[in-house]
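K.L.:
Throw the hints in and build the complete structure from the sequences for me.
There are 2 protein chains.
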Amino acid sequence: MDVLSLETLGRHLQTLRQAQGVSLSQLASRAGIAKSNLSRLEQGNGNPTIDTLWRLARELKVPFGTLVAPVATPVKESGVSVELIEQSAGTPAVDVYLMRLVPNTLRQAEAHAEGTRETLQVIGGSLEAGPAHDIRHLGAGEIHLFAADRPHHYRSHDSGATLLVTIVYAAGTRNHEA
Amino acid sequence: MDVLSLETLGRHLQTLRQAQGVSLSQLASRAGIAKSNLSRLEQGNGNPTIDTLWRLARELKVPFGTLVAPVATPVKESGVSVELIEQSAGTPAVDVYLMRLVPNTLRQAEAHAEGTRETLQVIGGSLEAGPAHDIRHLGAGEIHLFAADRPHHYRSHDSGATLLVTIVYAAGTRNHEA
DNA sequence: AAAGAACGTTCGTTATATCGAACGTTTTAG
DNA sequence: CTAAAACGTTCGATATAACGAACGTTCTTT
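Line by line, the protein sequences give chains A and Y. Position one of the first sequence corresponds to residue 25 (the numbering used here), numbered consecutively onward. Position one of the second sequence corresponds to residue 25 (the numbering used here), numbered consecutively onward.
Calculated directly from the structure, the hints in this document are not laboratory data. On a predicted model such as this, the values are computed, not experimentally measured, just so you know. Please note: incorrect hints may appear among the correct ones.
Pairs involving identical chains hold if they fit within one copy or between any two copies, as the list cannot separate such chains.
EDC-like cross-link-like pairs, simulated, lysine to aspartate or glutamate; straight-line CA separation at most 16 Å [to be verified]:
hint: 1; residue 1: K85; residue 2: E134
hint: 2; residue 1: K59; residue 2: E110
hint: 3; residue 1: K85; residue 2: D119
hint: 4; residue 1: K85; residue 2: E107
hint: 5; residue 1: K85; residue 2: E110
hint: 6; residue 1: K59; residue 2: E166
hint: 7; residue 1: K59; residue 2: E83
P.N.:
What follows is the structure, encoded as C-alpha cells:
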C-alpha cells in the first residue's frame, strides 16, 4: 500500500478529532479501541481494519466515505488526479470521473473504443481540452461534448481546473481491449 | 462490529466482481492479495484491512466509499437520494450532485436564485425532468440544460434513474434562497 | 475417456493489528 | 508544593488477517 496515503489518513484522523475537541484517550475509549492503536494510526503507521475505521467514523460523527475521502482512490500522475464517481452497466454504459489538474498541467488521453463520446463540464478553474480537431477553452460551468475515439488532451492554465468527465460507450465497447 | 455489514460488504464485493466478469482468482491476483483472503471476504467473514480494501477498490474501479458503504449512500427515504460530489466557490460557483431515483418516483425542486442554470446528465436508467415549460425525456448518456430559477421536477420510470446534477449559480447567488 | 487448466474452498503457518500495562509528561486539584 | 488525574507514547502478549499449499470440482482440450 501507499505509505503516503496512510500518513494522510493519520493526519486527517487527528485533524477531525481535534476539531471535535476530544482527546485521543477519550476517542479511543468511546470508540471501543485501545488508545495505543489509535495513537499508532494517527502517527501514520499501521493499516487499520475496517472495523476499527468504522468505530472511529461513527464516534467522529462523519460518514465513512468522508473519513477516507481525502485520500480516496489516488490515481495520481503528475499533477492530475482522477476519481471514479459512478459507473453504470446499462445501455449505453456510462462512467463518470472527477478530474483535478493543478495549474499548467497537461494530461494526454488515449483514444477510446470507436463511437465513445465524452462530456466535460468544468466545476472550477479553467482549461482547454478535446481531440486535436475540436479543442475548446472552458471556464466554470461550461460544457464540451466530443468524440473520444481519438487521442485527446486536457490542459489547465494558471488557475488549475476541476471538472467532471463523463464517458458514454457505444454499445458493448466498455471492455474491449486491444 | 456489525456482522450484517460484513455480510453486505461480502455480497457487494462478489456482485461487483461478477458484474465485471472476472473470476475470484483473477481479481485476487491482480489486486495482489491471496485468493483465500478474497474468498473469505466474499463469504462475509473476516475484517479486512484498509490496505486490502484499497487494492480491491482500485482493481474493481470503484471509489472506496462505494465499496464499503454500499447500502449507506443509496438512501431510500422517499425513493430519492442526493449526494454532494463537489463544490466550487469560483466564478461562477458550481455544485455537483449525484442523484438516484428508485423506479416511478417524483422529486419536486423549488426555484433557485434568478439566473441559476442546471445541467442533468443521465448515467443509468431514464427519467423525464425539467421546468414546466421545458420537460424532456432522457436516457443514459443524454444531457438536459435548463434555467433553474423556476420550480422543476425529476420523474423516474420503471427502470429508475441515476444522474449527475450540476448547478451553476449566477454571480454571487449561491446562498440566495427563494 | 483421460489430461489439463481454472475455478472456489479449506487449512496450517506467518505476519501483524489490536490489546493492556507501564511509562514519562503535562494539567488539574487540594 | 505535593497528589492525583489525564494526556499521548512505547512495548510485550495475544488475537487474527493474510498468505500459500493442497484439495475436490467443473470445464475445456485432445
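K.L.:
Determine for every hint whether it applies to the structure shown.
P.N.:
Consistency of the hints with the structure:
{"no.": "1", "hint": "K85 - E134", "in the structure": "neither (35 Å within a copy, 18 Å between copies)"}
{"no.": "2", "hint": "K59 - E110", "in the structure": "neither (36 Å within a copy, 27 Å between copies)"}
{"no.": "3", "hint": "K85 - D119", "in the structure": "between (24 Å within a copy, 10 Å between copies)"}
{"no.": "4", "hint": "K85 - E107", "in the structure": "between (19 Å within a copy, 9 Å between copies)"}
{"no.": "5", "hint": "K85 - E110", "in the structure": "between (19 Å within a copy, 9 Å between copies)"}
{"no.": "6", "hint": "K59 - E166", "in the structure": "neither (40 Å within a copy, 46 Å between copies)"}
{"no.": "7", "hint": "K59 - E83", "in the structure": "within (14 Å within a copy, 33 Å between copies)"}
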